[in-house]
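Q: Chain by chain, the residues run as shown.
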Amino acid sequence: MRFALNSDQAALREAVRDLLRAECPPAVVRAGWPGSEESDLARVRRVWDQLGEMGVLGAAVPEADGGLGLGAVALVGLLEEAGRAALPLPLMETAFVAGPLLAAAGEAALVERLAAGELVVGAALDGSGIVPFAQVADALIAGDARAPGGELRLLRPPAFAPLESIDGARGLGRVAADAGLVLDLDAAALAAAWERGALGAAAQLLGLGRALLALAADYVTERRQFGVAIGTFQAVKHQLADALLALEFAAPAVLRAAWSLDRGAGDAGRDVAVAKALASDAALQVAATALQVHGAIAYTVEYDLHLHAKRVWAGARAWGDADWQRTRVAAALGLLPEEALR
Amino acid sequence: MRFALNSDQAALREAVRDLLRAECPPAVVRAGWPGSEESDLARVRRVWDQLGEMGVLGAAVPEADGGLGLGAVALVGLLEEAGRAALPLPLMETAFVAGPLLAAAGEAALVERLAAGELVVGAALDGSGIVPFAQVADALIAGDARAPGGELRLLRPPAFAPLESIDGARGLGRVAADAGLVLDLDAAALAAAWERGALGAAAQLLGLGRALLALAADYVTERRQFGVAIGTFQAVKHQLADALLALEFAAPAVLRAAWSLDRGAGDAGRDVAVAKALASDAALQVAATALQVHGAIAYTVEYDLHLHAKRVWAGARAWGDADWQRTRVAAALGLLPEEALR
Amino acid sequence: MDLTYTPAEEAFRAEARAWLEANVPHDLASGDSAEGFAQHLEWERALHAARWAVVSWPERYGGRDASIWEWLIFEEEYYRAGAPMRVTQNGIFLLAPTIFEFGTQEQQDALLPRMAAAEDLWCQGWSEPGAGSDLAATKARAVRDEAGGGWRLTGQKTWTTRGAFCTHMFGLFRSDPGSERHRGLTYFMVPLDAPGVTVRGFGRLDGDEGFAEVFLDDAFVPDDAVLGGVDRGWSVAMATTGSERGLTLRSPGRFLSAAERLVELARDRGAREDALARDRVVRAWIDADAYQQFTLQQVTEIAAGSATGARSSLNKLFWSQLDVRLHETALDLLGPEAELDGPWSRGFLFALAGPIYAGTNEIQRNIVAERVLGLPRK
Amino acid sequence: MDLTYTPAEEAFRAEARAWLEANVPHDLASGDSAEGFAQHLEWERALHAARWAVVSWPERYGGRDASIWEWLIFEEEYYRAGAPMRVTQNGIFLLAPTIFEFGTQEQQDALLPRMAAAEDLWCQGWSEPGAGSDLAATKARAVRDEAGGGWRLTGQKTWTTRGAFCTHMFGLFRSDPGSERHRGLTYFMVPLDAPGVTVRGFGRLDGDEGFAEVFLDDAFVPDDAVLGGVDRGWSVAMATTGSERGLTLRSPGRFLSAAERLVELARDRGAREDALARDRVVRAWIDADAYQQFTLQQVTEIAAGSATGARSSLNKLFWSQLDVRLHETALDLLGPEAELDGPWSRGFLFALAGPIYAGTNEIQRNIVAERVLGLPRK
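Chains as they are written, first to last, in the working numbering: chain G, 4 to 345; chain X, 4 to 345; chain U, 5 to 382; chain Z, 5 to 382.
Do not rely on the hints blindly, as some may be mistaken.
Restraint ranges, calculated between C-beta atoms of paired labels, are given here [claimed, not checked]:
1. X:D43 with U:R375: 48 to 56 Å
2. G:A150 with Z:R276: 18 to 26 Å
3. G:A217 with X:S10: 54 to 62 Å
4. U:L7 with X:D43: 25 to 33 Å
5. Z:A308 with U:F219: 37 to 45 Å
6. Z:D6 with U:R276: 55 to 63 Å
7. X:A45 with Z:A26: 49 to 57 Å
8. Z:D6 with G:R24: 35 to 43 Å
9. G:A217 with U:F219: 30 to 38 Å
Here chain Z is said to cover these stretches of chain X; the calculated rule only asks that three of the stretch's residues, wherever they fall, bring their Cβ under 8 Å from a Cβ of chain Z [said to hold, decoys possible]:
10. 15-29
11. 59-66
12. 72-81
13. 92-100
14. 293-301
Not the full set, but computed from the structure, chain X residues with beta-carbon under 10 Å of chain U [as the list claims (entries may be wrong)]:
15. M4
16. L8
17. D147
18. R149
19. P151
20. D181
21. V185
22. L186
23. A232
24. F252
25. R259
26. G269
27. L281
No wet-lab data here; the hints were simulated from the structure.
In this text the structure is predicted, and so the values were computed from the model without any measurement.
All residues carry an ideal CB built from backbone N, CA and C; glycine is no exception.
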């Protein structure tokens, strides 16, 4: 029994963290809002190139297909770091979902380009046809991985109608249900892709939450009202303590779910559901708390908090919200007929 | 538009409050626990006699049947006072449910004795057969007022198997489904009895909540830790402020539901459901808060807090808990097929 | 207890409903953007022309002498009709009650008609960079200009909603240089085109330029810019913030109509089959309903002459939390569409500010605990 | 990352499970009543005879030298088997780790075997009438008795769980009369049959006589009743409260087994058809599962030599809240039967004490905010 990353995994995570801290500060997150005044997609793409050079983009692709063959345990740490930095590109969708999916579908040429950093892939597997990062991606994967007999389609070059989001960095696009070409995947590959997406989303939410909590803790230590730092007020302390509590108890569930996925454990789906439910709720709670303890300044676009908070509001509802995930757990506990799920 | 009791109603409520404050202090509540060391049921019964002399017991009985013919608006104030005092007798069940029910069933002799204080009536209309105050009542009404084609039975003298409750004052008894005699009631009378019980329970919960909040506010003003009154701590202040908030927004809903019942408004059932849902949640919240801000002393039977808190835990779940009541509201809003309800 | 309206009140409701149905504009741009503000001003002037802008004011100032019950009815109908938010609200709902209470006859006659007609457009000048929740930390100062017969104002105000589009600002300034905290403050009404005043708009969470910073550098205002007496600004300001927390800014009509729209959304989105979402919808609807009942009780007390006082903090806590939950629930129902720019996502972002402005909810809970429950301050 | 147990650990689990299945008594009276306490003592002695009483202790003290992982496994199996609460817990889980850390060899040799055998039964003596959350306000005093070679203890301790049934108490006394707050306190271990000691039991919310007040009037204890050094009691006490908040008192096994029983109850009570109750059941189960994962991570850190420190307050916050919600949900499922005296209603009452004892959750949040998040104290 050892509930911790091994030293290679920890070192890789640390390296990604250092890279993103240096190369993806808030200014770069702002540069990722297509069409905004500060937009500079080329600058964002340079961060992507560096991730490619580190091998991160092909990390989850099997070694036989030219990747690093790393498991979910190694990946969730990286995705948490991408969340912490609010990286305005679909690292999770590309590296953790599309890489293994395209390899499974036998798209060797695409996999090679993906691993080399030449293929940013947006993905939405929930059947909504609303794909995040469509506006900056080189390819899209869309469809319904949860429906019985569902299928996924690859759009390349991506064809979509742009959609306005409250979070410009999400670069949403709507794709038609019959656009693109059907990927050659069996049901197991579809299901695995959905689990990876849900788990990856959970990991990103943890990182987003940690960044928001750190921002809030710093702010209340500096900001003075009534002659004292507002962090001395018990009402502020307790809100932040509760926020940390939620994050600290979601984080091990995410790592455990990754381990279950890597083992192909029978409970893996349930464990992913637990992880996403806890991470969604925790991140929403931290976002609300961070906003509240900041006061008015958090309500401005000039301050950085919203860069993370908006990502939380979208991410908590993507890849199955907490209600949906808990319903999956109910099914696993025999509290729901399996048929009631989709 | 005038959202307030009239002066007669207010005066009656004030009189009941004064009576209970004088005659039903915590020692009398303890005297109402059958079988306890402090048990003194005769003393409790003297309070009942005085309520009878004031006309309270027959207050909801139509004037034609020898009562005061007062409506729900007048009654909920009295029941809130009974809750505040944690009166260990079934005032709500007797005066607000049984009185009108027995009058509707043509049981004139019983109604007369009820109004005179000679008939303490316990009632459970939820089909469970678990009747509060069975151990001290002179008659019981049991059955299922919610089931289609349900019926109610009168047990006199009451026949029941005593049950241990966490709140000794509830004096629970289990009655058999076929015990007693069926009361001659139509579906409308059954439905009305259920609504009165749910509303009366809500009113009592408000009173219980107000008593708990007052106890807590006094305690935190006196109790000192870390060199100051613990009521100066923001964590304590905010919990109590939130508790008051819940009560203050439940109270008008209770009064409005009473008015709707008296008017025979089409929305009356929905309004009762709103009232009971809000009052149940508010009282549970206040009980939890009062216990928490007291600390260990609240956890002892020597301190009075539990006399009210235990009544809240039972009352919030009786006559339809908050979930059940909200489902009724959902039906009224067209969010649920009516058939889905029972 | 009588929860019915009189025939006269029902007639008033019918008249308002008919006019609103015929006149309410739809699909305006946000009132907190430059383009939208101009559209909203047109609407405000149409309201004024038909005497619906300030129904509760005296007729001579553009109102209808409506009772507080009629005002509630009008608000219900206004939101029921889906009419736009009031870009004039900080004037007519916050400053105006304060002018009625503290203003001289001359101030009332001069200011109120222009405010009603949306000729003068008022914004708030409470917060400063170092004085947000802690209003008594106000540093902006007013120096007596005997020669000019007025005052020189210097300092910085911030978080001024729609400040970039308004013509006037009200706020507190420290008029007694030796004073501290609540003492020595004066309540001023300042034209934003006065020399020495600079306004800089900046962006809110929803992307609109809804906020402004206002810089004052030795800006001159005459004596009649003082509301309620020199060095007596704190108690005047408390009347304004009481309005902001309490009823006048947030009548139940707004939440009732939002709750009805939420129920419609739930029906459209199949919440009949999703008990968890349905329960949250019902909770939001119940809370909007409870806010209505609370308000009717409160208005009964006000009509009987009771002051609301610290209890207005209960209003503020309740409506701000209700508004957030209501919009969160809508986003839950929308699922993957929740993040699209639209009325519900914008409404959510707007609602998030509720627990912060008009005194944070933390401050409100302190007030409730200390001044309603009587807990010790220290 | 390796979430499997070794064959040796699995063998340990199998041995524990087999023994527990064969030996666990059922339907004991409450261990916090006089009758039940005697029954529980019998069980404790059976555990000791089979060397399951203190598995993680050295063999010479009655244990099995079990690793911390094996201890977790034993706890899981213990609760899974529905075994009784440990009336010895304040000794073996709270005092014993402190004796291992601070006790002399003589103290360890003298005290631990008797504790393991349930011959000495230990209760806590932290709280006083004026010192609950504020432990540093301890007033009970210890006066040096040079002639006797020991100390004279005087004061009053309260909320002493099972104090009326125990033989010994540990707690803090002010040994330096001029000292204030955390300084000048000494940690004493006191036989309750010493002359000058009076114990009065009193009733808890669940009706059991589970609490006691302990009055000390010039009670003599010898020098070896001091644990960890004269005037150094605060840091010794902090080690004990760390155990109370953290892992040792509340291993995940207890909550996992309660959550499984809740799921069974939900299946029995038709929660398949009640989505709202079902969701609360699932939340409780998820939280118990999350507590297990958190613990495995924490034990990995402990096994690697990290100290848990202030993070034990996170454990305490989480398990105490989880326990309340879990039991509330059970009562919701039981409906009209919720108020009947039974395992769920008693468990609910017991759970309510969780956010209060071992330092109120308000104190724990302060600790998390200041010592984990680094927020300013003043």
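Q: Give a verdict on every hint.
A: Hints and how they fare:
1. About 41 Å separates the C-beta atoms of X:D43 and U:R375, a value inconsistent with the hinted range of 48 to 56 Å.
2. At roughly 23 Å, the beta carbons of G:A150 and Z:R276 sit within the given window of 18 to 26 Å.
3. At about 60 Å, the CB distance of G:A217 to X:S10 agrees with the hint of 54 to 62 Å.
4. A beta carbon spacing of about 44 Å between U:L7 and X:D43 contradicts the range 25 to 33 Å that was offered as a hint.
5. The hinted window of 37 to 45 Å between Z:A308 and U:F219 is violated, with their beta carbons roughly 56 Å apart.
6. Between Z:D6 and U:R276 the beta carbon distance is about 47 Å. The supplied range of 55 to 63 Å is therefore violated.
7. Separated by about 53 Å at the C-beta atoms, X:A45 and Z:A26 satisfy the suggested range of 49 to 57 Å.
8. Taking 35 to 43 Å as the suggested C-beta distance range, the pair Z:D6 and G:R24 does not conform, at roughly 30 Å.
9. Checked against the given bound of 30 to 38 Å, the beta carbons of G:A217 and U:F219, roughly 32 Å apart, stay inside it.
10. Evaluation of the coverage hint for the region 15-29 of chain X: breached, as 0 residues show C-beta separations to chain Z shorter than 8 Å, against a requirement of three.
11. Given as covered by chain Z, the region 59-66 of chain X fails the check, having 0 residues with a CB less than 8 Å from a CB of that chain where 3 are the minimum.
12. Residues of the region 72-81 of chain X with a Cβ under 8 Å from some Cβ of chain Z number 0, which does not satisfy the need for three, so the listed coverage is violated.
13. Note: the region 92-100 of chain X has 0 residues with beta-carbon separation from chain Z under 8 Å; the three-residue rule is not met and the coverage is violated.
14. Look at the region 293-301 of chain X against chain Z: 5 of its residues bring a Cβ nearer than 8 Å to a Cβ of that chain, three or more, so the hint holds.
15. Because the smallest distance between the Cβ of X:M4 and any Cβ of chain U comes to about 5 Å, under 10 Å, the interface hint for this residue holds.
16. For X:L8, the shortest C-beta to C-beta distance to chain U is roughly 7 Å, which falls under 10 Å, so the interface hint holds.
17. Interface restraint check: X:D147 against chain U, minimum CB-CB distance 23 Å, threshold 10 Å, status violated.
18. Given hint, X:R149 at the interface with chain U, is violated; its Cβ is 19 Å from that chain's nearest Cβ, farther than 10 Å.
19. With 10 Å as the threshold, the beta carbon of X:P151 stays out of range of chain U, its nearest partner Cβ sitting at about 21 Å, so the hint is violated.
20. The beta carbon of X:D181 comes no nearer than 35 Å to any beta carbon in chain U, farther than 10 Å, and the hint placing it at the interface is violated.
21. Hint status for X:V185 relative to chain U: violated, with the closest Cβ pair at about 35 Å, above 10 Å.
22. At a threshold of 10 Å, the smallest CB-CB gap from X:L186 to chain U is about 31 Å, leaving the interface hint violated.
23. The beta carbon of X:A232 is positioned within 10 Å of a beta carbon in chain U (closest approach about 5 Å), and the interface hint is therefore held.
24. For X:F252, the suggested interface contact is upheld, since its CB lies about 5 Å from the closest CB of chain U, less than 10 Å.
25. Annotation: X:R259 was flagged as interfacial toward chain U, and the flag holds, the nearest CB pair being 5 Å apart, inside 10 Å.
26. Taking 10 Å as the C-beta cut-off, the interface hint given for X:G269 is violated, the closest approach to chain U being about 14 Å.
27. Contact between X:L281 and chain U, as hinted, is supported at the beta carbon level, the nearest pair being about 6 Å apart and thus within 10 Å.
The structure fails hints 1, 4, 5, 6, 8, 10, 11, 12, 13, 17, 18, 19, 20, 21, 22 and 26 (numbered hints given earlier, in ascending order).
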